[in-house]
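Peer 1: Residue-level listing of the chains:
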Amino acid sequence: MSAFILRRLWQMIPTMLGVVLLVFFLFNFVGGDPAYLLAGKISNKEQIENIRTQLGINQPYYIQLWIFIKQILTGDFGVSWATNEPVSHIIATRIGPSLTVLVPILIIETIVAVLIALAVAYVRGSLTDRAIMVVCTMAMSVSLLVYIIVGQYVLAYKFSWFPVQGWGDSFAENLFKYSALPILLGVAVGLAPNTRLYRTFILDEINQDYVRTARAKGLSEHKVMLKHVLRNALIPIITNLMIYLPSLLIGHFLIERFFSIPGIGREVILAVERSDFPVIKAITVYVAAATMISNLLADLLYKAVDPRVKLK
Amino acid sequence: MAIRALLRTGFTGLPALAAIFCSLISTGLLAAADPAKVLRTTIEAQDAGFDPAITANYYSGKIMETVGESLLTYDYVARPSKLIPLAAEAMPLVEDDGRTYTFKLRKGIYFAPDPVFKGKKRELTADDYVFSFKRFMDPKVRSQWRFLFEGKIVGLDALSKAAEKSGRFDYDAKVEGLQAVDRYTLKIRLNATDYNFLYIMAMASCIGTAREVVEAYKDDLGGHLVGTNAYMLKEYVRGHKIVLVANPNYRGFKWDFKAGDDPADAEIVAEMQGKMMPRIGRVEITVVEEEHSKFLSYAKGETDMITRIGNIAESWQDGKGLKPELKALGMKRHDTVDAETTYYLINFKDKVTGGSSKDRIALRRAMIMSYDMEKEARVVRKGQAIPNLMPIPRGVVGYDPNYRGVNHYNPDAANKLLDKFGFKKNAEGWRNNPDGSPLEITLTSEATQVSGEYDKLWNASLERIGLKLKVKKGNFADNLKAAKDCQLQMWGSAWSADYPDGENFLQLLYGPNSGQSNNGCYNSPVFNRMYEMSLRMPHSPKRDKLYQMMSRQMEYDGAWKIGISRVRSTLTQAGVQGYKKHPMLHAEFMYMDIDLDKRNAAYSGKGKP
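Protein chains in written order, with the working numbering: chain V, 1 to 312; chain X, 1 to 609.
Bear in mind the hints are in silico, worked out from the structure with no lab data behind them.
Treat the numbers as computed from the prediction; the structure is a model and nothing was measured.
Note that CB positions come from ideal geometry on N, CA and C, so glycine has one too.
A hint or two may mislead.
Computed cross-link-like contacts, EDC-like style, restricted to lysine to aspartate or glutamate with a CA-CA straight-line distance of at most 16 Å [what the hints assert, rightly or not]:
hint, chain 1, residue 1, chain 2, residue 2
1, X, K481, V, D33
2, X, K234, V, D169
3, V, K310, V, D299
4, X, K152, X, D97
5, X, K165, V, E49
6, V, K45, X, D478
7, V, K41, X, E150
8, V, K41, X, D261
9, V, K45, X, E302
10, V, K45, X, D485
11, X, K140, V, E273
12, V, K41, X, D485
13, X, K481, V, E205
14, X, K161, V, D209
15, X, K241, V, D169
16, X, K140, V, D299
17, X, K581, X, D97
18, X, K470, X, D455
19, X, K165, V, E46
20, X, K473, V, E273
21, X, K140, X, E215
22, V, K45, X, E588
23, V, K177, X, D455
24, X, K161, V, E49
25, X, K481, V, E46
26, V, K158, X, D335
27, V, K158, X, E302
Some but not every residue of chain V turned toward chain X, in silico, with C-beta under 10 Å [to be verified]:
hint, residue
28, I13
29, T83
30, D169
31, F258
32, K310
So these bits of chain X aren't anywhere near chain V, every CB distance computed over 10 Å [claimed, not checked]:
hint, residue
33, G49
34, P92
35, W145
36, K174
37, N249
38, D256
39, G405
40, G436
With the rest of the complex left out, here is chain V (with noise of 0.2 Å):
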């Protein structure tokens, strides 16, 4: 097991090294000069330079790469180029009113949608299956922005059950009074898709001969469904979670930004818009991280769920 978490982890190297190479070529090719935009409204060349001079983007690429690689050793990207705010803080505070709405739409929409399939598939083809299934695909076909909208309307302007948008300073209050319907509005937007991938997952392992075998053992049904398929339905379950885990780093910009949500997922938005380097790197890097160890992860989580899983 040891061994196999350290070639793991000696893979992401060369992983890492791709990620720094593509944001590093996509920022100097495609992301615009930084210059221009802190030089303000009126500004000549010597003033751009020196701004280059100061940023150290006029510096020769291979210094500026090295500059990069040594951050992420360091695990300091500087400060950020349009605000002055250290990097490390703007992950530090964005990244907790990202997590406290991501979280609970996470689990809630997990336990839920998996109950849910659960459910179905053991009634697979009868009318309820049917309904499900459309109503399923009807909530899947309406985008997330009229989910907010609407949301955002009926339940919190038109019957006042929640507020319309804000964050407040504790996170309880956060939580169960900021956070309450952007967490329901992302349920209800996540809940249709996952409950569909999840009912096919556990039908495949419905028709597998081990649960006829548990039948005929004389297993009770709930036995059957919550010991047997729930487990071997886990691992694409985990794979899907382990998939959407590193996006939580990213935060959600549209419901941060339709609730007023200090989240991380604005500050990535705005950093691309102000072509802001350091918080850019500083993201991708953490983001390429997060989404190799949620990989690895996985493969230890699959080896948990079902011992028959060699890790190689």
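Fit chain X to the supplied structure of chain V, relying on the hints for placement.
Peer 2: Relative to chain V, chain X alone:
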């Protein structure tokens, strides 16, 4: 205590107590900032921190102006904009043909409490302004406002050049043109006459900052601005929320402005005249980018004042007023036209569109005449914009409401003009150059939804006159870089007034400013001469005439398709008093009040609109 003393003395001490009371009022100690009065408002985009020397962000300016004090400011109600003293006790003494300015500071202006001052009251002095103005020229500061001071103050550029060489700006070095004569006297000497210099002294970026604060917070001054004005920064969650509270060290002032021609002035003056300011104890500003969320939050009563809601005008607008259900709740609509103009530059140095030959002038003017700016204002901007006829917009000195443009929308005339100068159509119906070579116009724009709508309008406009259009998309930074290098053939841009004088707009067309602010690279010797002449003239009918002639010249040459000024609609809740948008000032909080009874009554039992 005072009442007991009065009883004991048999009221003989009454005049003395009255004198103490009056002096308390005059020093602002009884200024009535009520903590219960909380103004909840929004901004529609993120600020960029509050370091006055660094940022030119509009929303940052709102906070800088509310927290800090420039030497001068504007009369809140008077239109056109009128300068009045703020930290200065009077307007400055102007000598030497407008090249030397002597400001006397008010005594007893104190910075808001901050740990940097170690519990002591810190007075604002002339040295603070010397230090603050020097920061604009420190290369390490990377000031977006450097152009305001560059080349203007005697000796300041030399100090900046020395800093570029040594890598260190010497803030202790004496600058001949920027001196604190004594604790309260600031003397500024300019290299040349600049009749707009006093406007610069009223800008939000030109507030007095204490050197020890700047040195203590270093690069993070943007999050710790400490000033002398009515409010202080209490809480700052970057990109989300800014909370201001009344500055306990602020001296206060009496609301004393005269009503102008605007019919709304009388009501504001009646509500506010004679009140000690500031009245509002706390201002909560939230960044709400989406108009839909902003409006629902306002309509539900979660917010007291919102602005920039033009894209959802159908939710609240009823002609020039408000929907009856909103009006019934005591809400008010306040419209102002921003002192700004959009424009489409047509590159004067470009191989296809540039030059001063008659056919190229005809081509540019035909392009301009094909575009219906009224339609852009009405359809794309949903009536929340007013087309401009001259490069100087409303609210800016030099604007002439009687000015009539010569390149007005007329596709037929544009077609005839192109026919006359030999731009013949080929077999496919597109026009060629007079020499028969193919002609294609390239419009550069950003990859946004709004830009896409303007692209479509331009495409339809040029198609009407037989000109083929190619749209090239790029990010804003790259487009700006290309424009400064005179590499863009056609590009949409905008300019907001830094100060309310037409010069601030006309400099965008001055030939030698190519590569700096003249992104169309327009270079007309006639225009340039008139611009240089205007710089040597104070505001006068003669200079206004010159501005009109310059506008006419750029129209004849077809340098810009002059665009629009946005209408800024602001909605306020019942009980919010004293709001009037000033074209130059960023924030109005210190001039406003809230009638809590009216605000609370508006929502009791009436329900939402």
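Peer 1: Could you run down the list of hints and mark each one as holding or not?
Peer 2: Results of checking the hints against the structure:
{"no.": "1", "hint": "X:K481 with V:D33", "in the structure": "holds, 8 Å"}
{"no.": "2", "hint": "X:K234 with V:D169", "in the structure": "holds, 13 Å"}
{"no.": "3", "hint": "V:K310 with V:D299", "in the structure": "holds, 10 Å"}
{"no.": "4", "hint": "X:K152 with X:D97", "in the structure": "holds, 15 Å"}
{"no.": "5", "hint": "X:K165 with V:E49", "in the structure": "holds, 14 Å"}
{"no.": "6", "hint": "V:K45 with X:D478", "in the structure": "holds, 15 Å"}
{"no.": "7", "hint": "V:K41 with X:E150", "in the structure": "holds, 14 Å"}
{"no.": "8", "hint": "V:K41 with X:D261", "in the structure": "violated, 33 Å"}
{"no.": "9", "hint": "V:K45 with X:E302", "in the structure": "violated, 47 Å"}
{"no.": "10", "hint": "V:K45 with X:D485", "in the structure": "holds, 10 Å"}
{"no.": "11", "hint": "X:K140 with V:E273", "in the structure": "violated, 23 Å"}
{"no.": "12", "hint": "V:K41 with X:D485", "in the structure": "holds, 15 Å"}
{"no.": "13", "hint": "X:K481 with V:E205", "in the structure": "violated, 59 Å"}
{"no.": "14", "hint": "X:K161 with V:D209", "in the structure": "violated, 83 Å"}
{"no.": "15", "hint": "X:K241 with V:D169", "in the structure": "holds, 11 Å"}
{"no.": "16", "hint": "X:K140 with V:D299", "in the structure": "violated, 50 Å"}
{"no.": "17", "hint": "X:K581 with X:D97", "in the structure": "violated, 34 Å"}
{"no.": "18", "hint": "X:K470 with X:D455", "in the structure": "holds, 9 Å"}
{"no.": "19", "hint": "X:K165 with V:E46", "in the structure": "holds, 13 Å"}
{"no.": "20", "hint": "X:K473 with V:E273", "in the structure": "holds, 15 Å"}
{"no.": "21", "hint": "X:K140 with X:E215", "in the structure": "holds, 14 Å"}
{"no.": "22", "hint": "V:K45 with X:E588", "in the structure": "violated, 37 Å"}
{"no.": "23", "hint": "V:K177 with X:D455", "in the structure": "violated, 43 Å"}
{"no.": "24", "hint": "X:K161 with V:E49", "in the structure": "holds, 14 Å"}
{"no.": "25", "hint": "X:K481 with V:E46", "in the structure": "holds, 14 Å"}
{"no.": "26", "hint": "V:K158 with X:D335", "in the structure": "violated, 28 Å"}
{"no.": "27", "hint": "V:K158 with X:E302", "in the structure": "holds, 13 Å"}
{"no.": "28", "hint": "I13", "in the structure": "violated, 32 Å"}
{"no.": "29", "hint": "T83", "in the structure": "holds, 5 Å"}
{"no.": "30", "hint": "D169", "in the structure": "holds, 8 Å"}
{"no.": "31", "hint": "F258", "in the structure": "holds, 5 Å"}
{"no.": "32", "hint": "K310", "in the structure": "violated, 48 Å"}
{"no.": "33", "hint": "G49", "in the structure": "violated, 5 Å"}
{"no.": "34", "hint": "P92", "in the structure": "holds, 25 Å"}
{"no.": "35", "hint": "W145", "in the structure": "violated, 7 Å"}
{"no.": "36", "hint": "K174", "in the structure": "holds, 24 Å"}
{"no.": "37", "hint": "N249", "in the structure": "holds, 26 Å"}
{"no.": "38", "hint": "D256", "in the structure": "holds, 34 Å"}
{"no.": "39", "hint": "G405", "in the structure": "holds, 25 Å"}
{"no.": "40", "hint": "G436", "in the structure": "holds, 38 Å"}
The earlier numbered hints that this structure contradicts are 8, 9, 11, 13, 14, 16, 17, 22, 23, 26, 28, 32, 33 and 35.
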